[in-house]
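Participant: Modelling step: build the complete structure from the supplied sequences, incorporating the hints.
Number of protein chains: 2
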Amino acid sequence: MQQDERGGKVTIVDIAREAGVSIKTVSRVINREEGVGEETRARVQALVDRLCYRPNVSARSLSSRRSYLIGAIFMRVGAYHYVGEVQVGAMRACRRAGYHLGVEQVRPPEAVGGVQGFAEGLRDARFDGVVLTPPTCDDPEVLAAVEAAGLPYVRIAPHREFERSPYVFMDDRRAAREQTLRLWNMGHRRIAFIDGPADHGSAERRRQGYLEAMRDRGVEPRPEWIAKGEFLSLSGFNATEALLRLKERPTAIFAANDEMAVGALAAAAKNGLSVPRDLSVVGFDDTPAAEAAWPRLTTVHQPTAEMAEAAVEMLIDGFGDERFRARVTARKLGYRLVQRDSAAPPSA
Amino acid sequence: MQQDERGGKVTIVDIAREAGVSIKTVSRVINREEGVGEETRARVQALVDRLCYRPNVSARSLSSRRSYLIGAIFMRVGAYHYVGEVQVGAMRACRRAGYHLGVEQVRPPEAVGGVQGFAEGLRDARFDGVVLTPPTCDDPEVLAAVEAAGLPYVRIAPHREFERSPYVFMDDRRAAREQTLRLWNMGHRRIAFIDGPADHGSAERRRQGYLEAMRDRGVEPRPEWIAKGEFLSLSGFNATEALLRLKERPTAIFAANDEMAVGALAAAAKNGLSVPRDLSVVGFDDTPAAEAAWPRLTTVHQPTAEMAEAAVEMLIDGFGDERFRARVTARKLGYRLVQRDSAAPPSA
DNA sequence: CTGAAAGCGCTTACAG
DNA sequence: CTGAAAGCGCTTACAG
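Protein chains in written order, with this note's numbering: chain H, 1 to 348; chain P, 1 to 348.
None of these hints come from the bench; they were simulated from the model. Built from N, CA and C at the ideal position, the CB exists for glycine as well. Fair warning: there could be bad hints in the mix.
Which chain P residues stay away from chain H? Per the calculated CB distances, all over 10 Å, these [claimed, not checked]:
no.: 1; residue: V13
no.: 2; residue: D124
no.: 3; residue: A266
no.: 4; residue: R277
no.: 5; residue: F319
Result set (SDA-like, lysine to any residue): computed pairs, CA atoms no more than 25 Å apart in a straight line [to be verified]:
no.: 6; chain 1: H; residue 1: K9; chain 2: P; residue 2: S63
no.: 7; chain 1: P; residue 1: K9; chain 2: H; residue 2: V115
no.: 8; chain 1: H; residue 1: K9; chain 2: P; residue 2: E141
no.: 9; chain 1: P; residue 1: K24; chain 2: H; residue 2: G35
no.: 10; chain 1: P; residue 1: K9; chain 2: H; residue 2: A59
no.: 11; chain 1: P; residue 1: K332; chain 2: P; residue 2: D199
no.: 12; chain 1: P; residue 1: K270; chain 2: H; residue 2: L234
no.: 13; chain 1: P; residue 1: K228; chain 2: H; residue 2: P288
no.: 14; chain 1: H; residue 1: K270; chain 2: P; residue 2: E291
no.: 15; chain 1: H; residue 1: K24; chain 2: P; residue 2: P288
no.: 16; chain 1: P; residue 1: K270; chain 2: H; residue 2: G272
no.: 17; chain 1: H; residue 1: K9; chain 2: H; residue 2: L62
no.: 18; chain 1: H; residue 1: K270; chain 2: P; residue 2: E313
no.: 19; chain 1: H; residue 1: K270; chain 2: P; residue 2: E204
no.: 20; chain 1: H; residue 1: K9; chain 2: H; residue 2: P109
no.: 21; chain 1: P; residue 1: K270; chain 2: P; residue 2: D199
no.: 22; chain 1: P; residue 1: K9; chain 2: H; residue 2: K9
no.: 23; chain 1: P; residue 1: K9; chain 2: H; residue 2: R123
no.: 24; chain 1: H; residue 1: K228; chain 2: P; residue 2: D199
no.: 25; chain 1: H; residue 1: K270; chain 2: P; residue 2: P288
no.: 26; chain 1: H; residue 1: K24; chain 2: H; residue 2: L62
no.: 27; chain 1: P; residue 1: K9; chain 2: H; residue 2: D128
no.: 28; chain 1: P; residue 1: K270; chain 2: H; residue 2: P295
no.: 29; chain 1: H; residue 1: K270; chain 2: P; residue 2: V338
no.: 30; chain 1: H; residue 1: K9; chain 2: P; residue 2: Y68
no.: 31; chain 1: P; residue 1: K9; chain 2: H; residue 2: P288
Facilitator: Here's what the structure looks like:
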């Protein structure tokens, strides 16, 4: 029982010797392969349990050419709540399949180094595959680096080149359309939109949904109703201040994400407007901030963790498949309108 | 140049053959070991560059017993902005040293599975060492699991057993004391405190700093001035509503973190109070939410990314050292009071 | 300054 | 149903 004490030192050879079988048979048992006698299997398994045997992952990786490591790729890891949600979902799927999760960051275009450092890191990160989160999923340099490294990948919510890889998505455009119509149906006619950053496809899709809804109702939104935003709360604040300075104020503001909607709430407070009485504000994503805001934010629930979970699942499922890249697949997850307290019919 | 095209297929043997040296010499060059002739080194290095040779990490791990993987351990990955900041700092340190970052989650005590699943995952996550973030850094079961796995570890902001491992910290108590005195010096006397969850040592240290400051000034805070909180915005909201219902309202609220302070701001708005005119609110951490709140939040800057960076550095530096656990070290990082707009002298 | 040998702990490919 | 052999691509320990 010395092996026990030296922790992790037990090898397949020890088990084989004790069980009186070859290492190949032990290998079969731990990998749950077929074709092992019932009695043999039980004897080996008992030894494995008793000696707390754990396969050495590096050895397994070396001979099988698999690392059992999945990479999640982010830009701006520190900035968004999104990152944590993605990791929660990705870890769920990893754990189920015996994989582990690694994290890599692509420096944003404005930073020095940029994609260069990422490409180098990717080579010795030894991932079996990676999941690309927005906006890296639409970045040509990132895609080129991942493909050059020969890594299978699944994209989360890509905006372009849908044939280029499997991906997971939800219908942002349709959700934004419904979100807009909800305001319309309350009686709002001057509905403004706070846009997201140019490199985030979701912002564009949500803007399109907004435009589509308005046009469906016969209204061409004025250019000044669409304010620039950066998906950060402060940008929502500034955008709202600008919107409130218009001669004909909007009666409702649709922010392309919750963070900006929270900023909009703050700007309303600063300007002495009571939400939703004087101004309706709605968001998108349904982050914890939406629930915690005052008034609580009417928004759209995006199943972020579930999307990441599905992406990792697709990735792992595809590992058996030679033609992974060719076998184009997509998984669509549903959204849900969340009705809270920040939107109401316009007064007067 | 066939090897080039098959990407990553170039091995140390290929380089050795081309260079006319042994694989051991190639190994020396790629690991920058001493004792290689200048000309030999140059010749080998040129080949490495030309053939885009990258060492196979699994092979290296198997023979050297190092994975070049660092694990960051979290509880509630999805909940806090903190998680992203830690990862940013940890990745900085990893990248400098040629390491990569993996993420593991400990299910909170309330979840099924709990530490059990974590301990198992840890065994085949093959980390060379881990960084424990609050509150995992004070969880006896987590510490036991990490030590049982034989992993070196560094804790971030632990609350107990400082001799048990190296750690990184900042002086929460002192910072909270200063934060409280800042309110005192503005003229506030009824200063309330919103506490954090019981398993977060930082909440306790901040509460102690608050109490210390008040007692220094000869005031024993009434029990009802200390409200329960969970570090989440909604709990700050609820705590503030309760505080505002007291017969003798506090004139200032110190929330143990920014998220709760933002919730406090929302509760003030709901109750028709203008901050800071009718109520001062201050936070702790200096997250992006603090800058984005309205009014912008007066808070304390905690160098989260830097603390994580330092922790990973200490971990990697210690790998050479046999007596890592024995060589107790700690690194202290500084905080910074951040003056914004949510605190002012009490009116009247 | 350089190298030959052994070995890390598994899986693959094949044989029976 | 089971096993012997080879090999994955490096580093370690040793020799000269």
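Participant: Indicate, hint by hint, whether the structure satisfies it.
Facilitator: Hints, one by one, checked against the model:
no. : hint            : in the structure
1   : V13             : 15 Å, holds
2   : D124            : 5 Å, violated
3   : A266            : 3 Å, violated
4   : R277            : 13 Å, holds
5   : F319            : 16 Å, holds
6   : K9/H / S63/P    : 14 Å, holds
7   : K9/P / V115/H   : 23 Å, holds
8   : K9/H / E141/P   : 23 Å, holds
9   : K24/P / G35/H   : 41 Å, violated
10  : K9/P / A59/H    : 18 Å, holds
11  : K332/P / D199/P : 22 Å, holds
12  : K270/P / L234/H : 21 Å, holds
13  : K228/P / P288/H : 19 Å, holds
14  : K270/H / E291/P : 14 Å, holds
15  : K24/H / P288/P  : 55 Å, violated
16  : K270/P / G272/H : 12 Å, holds
17  : K9/H / L62/H    : 18 Å, holds
18  : K270/H / E313/P : 44 Å, violated
19  : K270/H / E204/P : 33 Å, violated
20  : K9/H / P109/H   : 46 Å, violated
21  : K270/P / D199/P : 30 Å, violated
22  : K9/P / K9/H     : 30 Å, violated
23  : K9/P / R123/H   : 12 Å, holds
24  : K228/H / D199/P : 41 Å, violated
25  : K270/H / P288/P : 19 Å, holds
26  : K24/H / L62/H   : 16 Å, holds
27  : K9/P / D128/H   : 15 Å, holds
28  : K270/P / P295/H : 8 Å, holds
29  : K270/H / V338/P : 21 Å, holds
30  : K9/H / Y68/P    : 19 Å, holds
31  : K9/P / P288/H   : 46 Å, violated
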